[in-house]
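One letter stands for each residue in the lines below.
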Amino acid sequence: MNIKNEMKLEFLSRSQNEAFARVAVAAFAAQLDPTLEEIADIKTAVSEAVTNAIIHGYDNPNEMVHVRTQISDYSVIIEVIDHGKGMEDVELARQPLYTSKPELERSGMGFTVMETFMDKVEVNSAPGQGTKVRMVKYISHEADETRRDG
Amino acid sequence: MLTDNKRKGDILIVGLSGELDHHHSAEVRDALDRLLDDPSIRHMILNLRHLHFMDSSGIGVFMGRYKTIHKRGGQFSIANINSQLARILEMSGLYRILKVHDTVEQAIDGIRGESE
Chain A
1 MNIKNEMKLE FLSRSQNEAF ARVAVAAFAA QLDPTLEEIA DIKTAVSEAV
51 TNAIIHGYDN PNEMVHVRTQ ISDYSVIIEV IDHGKGMEDV ELARQPLYTS
101 KPELERSGMG FTVMETFMDK VEVNSAPGQG TKVRMVKYIS HEADETRRDG
Chain B
1 MLTDNKRKGD ILIVGLSGEL DHHHSAEVRD ALDRLLDDPS IRHMILNLRH
51 LHFMDSSGIG VFMGRYKTIH KRGGQFSIAN INSQLARILE MSGLYRILKV
101 HDTVEQAIDG IRGESE
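Those sequence lines, one after another, are chains A and B. Okay, so the first sequence: first residue is 1 according to our numbering, each after it adds one. Okay, so the second sequence: first residue is 1 according to our numbering, each after it adds one.
Chain B extracted, bound-state conformation:
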C-alpha cells in the first residue's frame, strides 16, 4: 500500500497505492505511524496518484494522522486525487482541513509558502 517515501527537509512525502478500505486501513495506519515516529517530521504530503479507491475507512486513517501533524504545528497535504477520492473527501469535510493540491510539487510549494 505504501509505495515510496522521501524527505524534503521537515516534509515527509509518502505514496499510497491500491484500494484503501477497512481491510488495508490498519496496515496503512501502522506504516504511516512508524514513519511519523521520527519527531523531525513536521509536515506530511500523501501522493495518491496510484490510490484507486477509498471508503470511509480511509477518512479515519487520514483524520488520525492529521491530528498527529496538527499537534506538531505542521500541514497535512494530499496530491493527485481522482474523482472518487475527491467526492468522498469532500463529503467527509476533510477538504476543509487538509490541503489538496494537483501535484506533490505544488504541495511542497504550499507548505514552504506558508512556513516563510
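Okay, chain A solo, but in the shape it has when bound:
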C-alpha cells in the first residue's frame, strides 16, 4: 500500500476530546476528496473508537489516547490506541448490544457502527495492555475520478 500522508494525534482521555478527534481525522481525510457521506462515516466511526478508549480503556481522564491516520491512494487507515485495561474477550465486545457498562445507558452498538460505516475493522487487545482498533475506509470518489482520467 502506497502511503501518501500520515498524521498522529495524542490527547487526554477526556470526553470533550471526542469531537476534536473526529473533526481532526475528517479534516485530514478530506485530502482524498471523499463524499459527504464518506466523511460522515469516518467521523462516526472515529467517535465510537475514541469513546471506547475513554470509557472502557481508561477509567480516568489523565491518560493519553493515540490516533494515527494514514492516507493511501484510495483509502484512509485509522488506528485508535489506548494503553488501558484491554479486553479479555474481543469477540464478545464486538457483539451488537453488548455493553460492559449498562449503567451508563450505553447502547452497545459502538463496534457495530464501526463495522457498518468502515470497510475493515481489526481489534487487538490484551488485558492490562490496552486496545488497538484499526479501521480502513475506501474512498470511492477519487477512485472514480482516477478511472475517468485514466
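Everything labelled a hint here was simulated from the structure, so no lab data went into it. Note that the structure is predicted; figures quoted are calculated from it, not measured. C-beta atoms are modelled at their ideal positions from N, C-alpha and C, and glycine is treated no differently. Do not take every clue at face value.
To be verified - Counterexamples of contact, computed for chain A against chain B with all Cβ distances above 10 Å:
#1 Glu6
#2 Ala27
#3 Glu79
To be verified - Sample of chain A residues facing chain B (criterion: CB under 8 Å; computed from the structure):
#4 Gln16
#5 Ala40
#6 Lys43
#7 Gly110
#8 Val113
#9 Thr116
For this one, chain A is given, so just place chain B on it according to the hints.
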C-alpha cells in the same frame, strides 16, 4: 443542546442542536428526563433539525426515553433528520420503533391520527 421545548396538549416537543456524542449524552438525558418528570406528558417529538451529528451514545439516550414514553402508552417521534442521523438510526434498528417524520407538524398529525 436542548434548544427549546413546547407543549401541545399531552405532546412534548423538544429541539436538539449540536452534536450528540458521549460527552453530551448525560446532559441531554438529564434535561429530557427533567421535562418528562411531568406525568401529563404522554408523547414526545424530538425536532432534530439543528442536530448535526450523532453516534451510538445518542442511540442509548433515545432508547432510554423511548422506554419512558412507551410505558405511558405514548408515541416517541423524531422529525427533521439529516442523512448521517438517518443512517445511524436505520443501522441501530431504531427506525422500526420510533416514528420518523419529515416535519414536526407531520409528527403531531401522526400522533393525533393514531390517538383518535
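Hints versus structure:
Distance check on A:Glu6: its Cβ is at least 25 Å (rounded) from any Cβ of chain B, clearing the 10 Å threshold; non-interface status holds. Against chain B, the non-interface label of A:Ala27 holds: every CB pair exceeds 10 Å, the least being about 14 Å. For A:Glu79, the non-interface assignment is confirmed: its Cβ lies about 18 Å from the closest Cβ of chain B, beyond the 10 Å cut-off. Because the beta carbon of A:Gln16 sits about 5 Å from the nearest beta carbon in chain B, less than 8 Å, this interface hint is met.
Evaluation of the A:Ala40 hint against chain B yields a held restraint, the C-beta minimum of about 4 Å falling below 8 Å. With 8 Å as the threshold, the beta carbon of A:Lys43 comes within range of chain B, its nearest partner Cβ sitting at about 7 Å, so the hint holds. Using the Cβ-Cβ criterion of 8 Å, the hint placing A:Gly110 at the interface with chain B is satisfied: the shortest such distance is roughly 5 Å. This hint holds: A:Val113 has a C-beta 5 Å from the nearest C-beta of chain B, less than the 8 Å allowed.
For A:Thr116, the shortest C-beta to C-beta distance to chain B is roughly 5 Å, which falls under 8 Å, so the interface hint holds.
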